[in-house]
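2 protein chains.
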Amino acid sequence: MDERVVDTIVARVLERLASSRGNASSLMPQSDNGLISEDIKAGRVPIGVSARHVHLSREHHAILFGADSQLTVLRPLKQVGEYASEQQVTIVSPVGRCLGPIRVLGPLRSTTQVELSLTDCYGLGLKRLPPIRPSGDHRDTSGITLVGPAGSITIAAGVIRANRHIHMHPSQASVLGLRDRDVVAVRIEGERPAILFDVQVRVAETFRAELHLDTDDANALGVKTGDLAQILRSDRL
Amino acid sequence: MDERVVDTIVARVLERLASSRGNASSLMPQSDNGLISEDIKAGRVPIGVSARHVHLSREHHAILFGADSQLTVLRPLKQVGEYASEQQVTIVSPVGRCLGPIRVLGPLRSTTQVELSLTDCYGLGLKRLPPIRPSGDHRDTSGITLVGPAGSITIAAGVIRANRHIHMHPSQASVLGLRDRDVVAVRIEGERPAILFDVQVRVAETFRAELHLDTDDANALGVKTGDLAQILRSDRL
Numbered sequence: 099m100d101e102r103v104v105d106t107i108v109a110r111v112l113e114r115l116a117s118s119r120g121n122a123s124s125l126m127p128q129s130d131n132g133l134i135s136e137d138i139k140a141g142r143v144p145i146g147v148s149a150r151h152v153h154l155s156r157e158h159h160a161i162l163f164g165a166d167s168q169l170t171v172l173r174p175l176k177q178v179g180e181y182a183s184e185q186q187v188t189i190v191s192p193v194g195r196c197l198g199p200i201r202v203l204g205p206l207r208s209t210t211q212v213e214l215s216l217t218d219c220y221g222l223g224l225k226r227l228p229p230i231r232p233s234g235d236h237r238d239t240s241g242i243t244l245v246g247p248a249g250s251i252t253i254a255a256g257v258i259r260a261n262r263h264i265h266m267h268p269s270q271a272s273v274l275g276l277r278d279r280d281v282v283a284v285r286i287e288g289e290r291p292a293i294l295f296d297v298q299v300r301v302a303e304t305f306r307a308e309l310h311l312d313t314d315d316a317n318a319l320g321v322k323t324g325d326l327a328q329i330l331r332s333d334r335l
Numbered sequence: 099m100d101e102r103v104v105d106t107i108v109a110r111v112l113e114r115l116a117s118s119r120g121n122a123s124s125l126m127p128q129s130d131n132g133l134i135s136e137d138i139k140a141g142r143v144p145i146g147v148s149a150r151h152v153h154l155s156r157e158h159h160a161i162l163f164g165a166d167s168q169l170t171v172l173r174p175l176k177q178v179g180e181y182a183s184e185q186q187v188t189i190v191s192p193v194g195r196c197l198g199p200i201r202v203l204g205p206l207r208s209t210t211q212v213e214l215s216l217t218d219c220y221g222l223g224l225k226r227l228p229p230i231r232p233s234g235d236h237r238d239t240s241g242i243t244l245v246g247p248a249g250s251i252t253i254a255a256g257v258i259r260a261n262r263h264i265h266m267h268p269s270q271a272s273v274l275g276l277r278d279r280d281v282v283a284v285r286i287e288g289e290r291p292a293i294l295f296d297v298q299v300r301v302a303e304t305f306r307a308e309l310h311l312d313t314d315d316a317n318a319l320g321v322k323t324g325d326l327a328q329i330l331r332s333d334r335l
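Going down the list, the protein sequences come from chains A and B.
For our numbering, add 98 to where a residue sits in the first sequence, where the first one is 1.
For our numbering, add 98 to where a residue sits in the second sequence, where the first one is 1.
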């Protein structure tokens with residue numbers, strides 16, 4: 099069966115499981131109405147802080163965890179079908195510095211990707227700092243070594259610092275007047291308030307409104323997952 | 099001799115030494131003209147990234163490094179009279195996690211102070227996160243254990259996350275129309291651009307224009323010491 103079909107089915111099952119908790123009627127398809135909260139109408143989206151993590155290809159997963167192993171769900175993430183797995187790896191930089199354990203996020207992907215903060219990169223002693231990239235864009239990226247319980251791999255590319263981005267469902271994008279790949283700014287009233295620019299909008303059926311910040315942005319502002327950010331329509335003030 | 103008099107003399111000597119490099123005439127008092135660059139006229143100030151560091155009281159320095167020891171200068175800082183010393187300590191949190199070696203900044207002060215980033219605090223497993231404070235303000239702060247080559251101390255208070263602040267000479271503040279303790283915003287075009295709010299202005303004769311950001315702010319934006327920030331007159335947009 100095509101891998102994308104499998105991923106789609108897994109996503110749908112997890113979506114139903116997540117939404118069925120304590121609500122039998124939610125086994126019916128979710129109406130868009132549930133996605134359009136008062137916060138969304140006012141342009142406010144919850145923050146999701148992304149600590150360093152890895153995505154694995156099927157091939158690399160088999161090497162790191164064994165040919166017969168499977169990713170197991172630790173907890174579902176807000177984006178439908180995505181989850182923090184129970185599996186973790188350690189990464190080792192070209193100068194021999196280690197960082198880990200680092201969580202593997204599921205489901206498996208077509209290409210292995212390692213997402214680090216700039217603080218992580220300095221800690222690893224990376225001489226060539228990973229570029230800031232949207233997930234999946236591995237142009238001009240370097241590699242690193244990943245070590246799991248069953249083996250290790252050294253990837254030639256795929257280490258990125260994730261760009262600031264907001265996931266949203268098409269109905270939420272519509273309310274906000276935004277389209278996939280738009281670039282906006284966000285205002286955040288954390289302990290140390292700021293406006294962050296260069297925030298990419300990403301729209302998909304499985305997405306739910308959530309601003310993903312890495313731990314450097316989150317710790318600079320003193321915010322946690324669930325805190326709110328105000329979308330500013332322009333990407334420049 | 100009064101400790102403040104000593105500090106003042108040390109500051110003056112270091113100021114002359116710093117400014118006399120390759121310029122014999124600068125042993126004369128520096129004119130304010132040298133402080134008013136084109137950048138300052140345009141409201142631009144250089145960034146100085148402050149990694150975690152400690153300031154020590156004379157008493158605590160003697161315990162950590164020995165009664166007869168002295169701080170020795172590794173390199174002068176931009177603020178006149180201040181320097182990174184060759185001395186370093188390790189700090190140990192109440193749950194037993196260590197961080198170090200951490201640089202001691204000179205000269206000695208009346209009170210010991212430990213300045214950490216939020217990332218540092220999480221790494222140390224601090225249950226009660228240190229408040230964001232201007233240097234010297236230890237209201238509602240907690241303590242930590244410092245370990246040096248000659249001994250250790252556990253302070254009851256003095257661990258802070260430093261607030262965002264800009265040092266400047268009175269002549270620079272005058273050009274910018276700012277006063278001591280004003281609060282401004284700064285716009286920074288780093289790798290990940292942002293406007294940072296709640297930036298405190300500090301004016302003193304020994305100060306030179308420099309925006310001090312901790313490593314969380316610096317790494318969130320992808321900036322380094324020497325990069326420029328644009329002062330926005332208002333603290334709120």
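It is possible that part of the hints are untrue.
One copy or any two copies: either way a pair holds, since identical chains are not told apart in the list.
Here are the computed lysine to aspartate or glutamate pairs in the DMTMM-like style, where the Cα-Cα straight-line distance is at most 25 Å [stated by the list, open to error]:
{"hint": "1", "residue 1": "K225", "residue 2": "D137"}
{"hint": "2", "residue 1": "K322", "residue 2": "E289"}
{"hint": "3", "residue 1": "K322", "residue 2": "D238"}
{"hint": "4", "residue 1": "K225", "residue 2": "D325"}
{"hint": "5", "residue 1": "K139", "residue 2": "D238"}
{"hint": "6", "residue 1": "K322", "residue 2": "D296"}
{"hint": "7", "residue 1": "K225", "residue 2": "D278"}
{"hint": "8", "residue 1": "K322", "residue 2": "D166"}
{"hint": "9", "residue 1": "K225", "residue 2": "E289"}
{"hint": "10", "residue 1": "K225", "residue 2": "E287"}
{"hint": "11", "residue 1": "K176", "residue 2": "D238"}
{"hint": "12", "residue 1": "K176", "residue 2": "E287"}
{"hint": "13", "residue 1": "K176", "residue 2": "D137"}
{"hint": "14", "residue 1": "K225", "residue 2": "E136"}
Just so you know, these hints were derived from the structure itself, not from any lab.
All values reported here derive from a predicted model rather than from experimental measurement.
Here is how each hint holds up against the structure:
In this assembly of identical chains, the alpha carbons of K225 and D137 never lie at most 25 Å apart, being 42 Å within a copy and 31 Å across copies at closest. In this assembly of identical chains, K322 and E289 lie within 25 Å of each other by CA distance both inside one copy and across copies; the values are 10 Å within and 22 Å between. For the homomeric pair K322 and D238, the shortest alpha-carbon distance between copies (22 Å) is at most 25 Å, but the shortest distance inside one copy (31 Å) is not. In this assembly of identical chains, K225 and D325 lie within 25 Å of each other by CA distance solely across copies; the values are 20 Å between and 34 Å within a copy.
For the homomeric pair K139 and D238, neither the shortest alpha-carbon distance inside one copy (39 Å) nor that between copies (39 Å) is at most 25 Å. In this assembly of identical chains, K322 and D296 lie within 25 Å of each other by CA distance both inside one copy and across copies; the values are 20 Å within and 19 Å between. With identical chains, the CA atoms of K225 and D278 are never at most 25 Å apart, being 34 Å at best within one copy and 40 Å at best between copies. Proximity of K322 to D166 under the C-alpha cut-off of 25 Å is found in neither arrangement, the shortest distances being 37 Å within a copy and 46 Å between copies.
Proximity of K225 to E289 under the C-alpha cut-off of 25 Å is restricted to the inter-copy arrangement: shortest distance 17 Å between copies versus 32 Å within a copy. Taking the shortest alpha-carbon separations for K225 and E287, only the inter-copy value of 22 Å comes in at or below 25 Å, while the best intra-copy value is 34 Å. Taking the closest pair of Cα atoms, K176 and D238 never come within 25 Å of each other, the shortest separation being 30 Å inside a single copy and 36 Å across copies. Taking the shortest Cα distances, K176 and E287 sit within 25 Å of each other inside one copy (22 Å), while across copies they are farther apart (31 Å).
Taking identical chains as interchangeable, the C-alpha atoms of K176 and D137 lie at most 25 Å apart only when both belong to the same chain, with a minimum of 16 Å there against 45 Å between chains. When the C-alpha separation of K225 and E136 is checked against a cutoff of 25 Å, the pair qualifies neither within a copy, at 46 Å, nor between copies, at 34 Å.
Violated hints, in rising order: 1, 5, 7, 8, 11, 14; the structure is consistent with all others.
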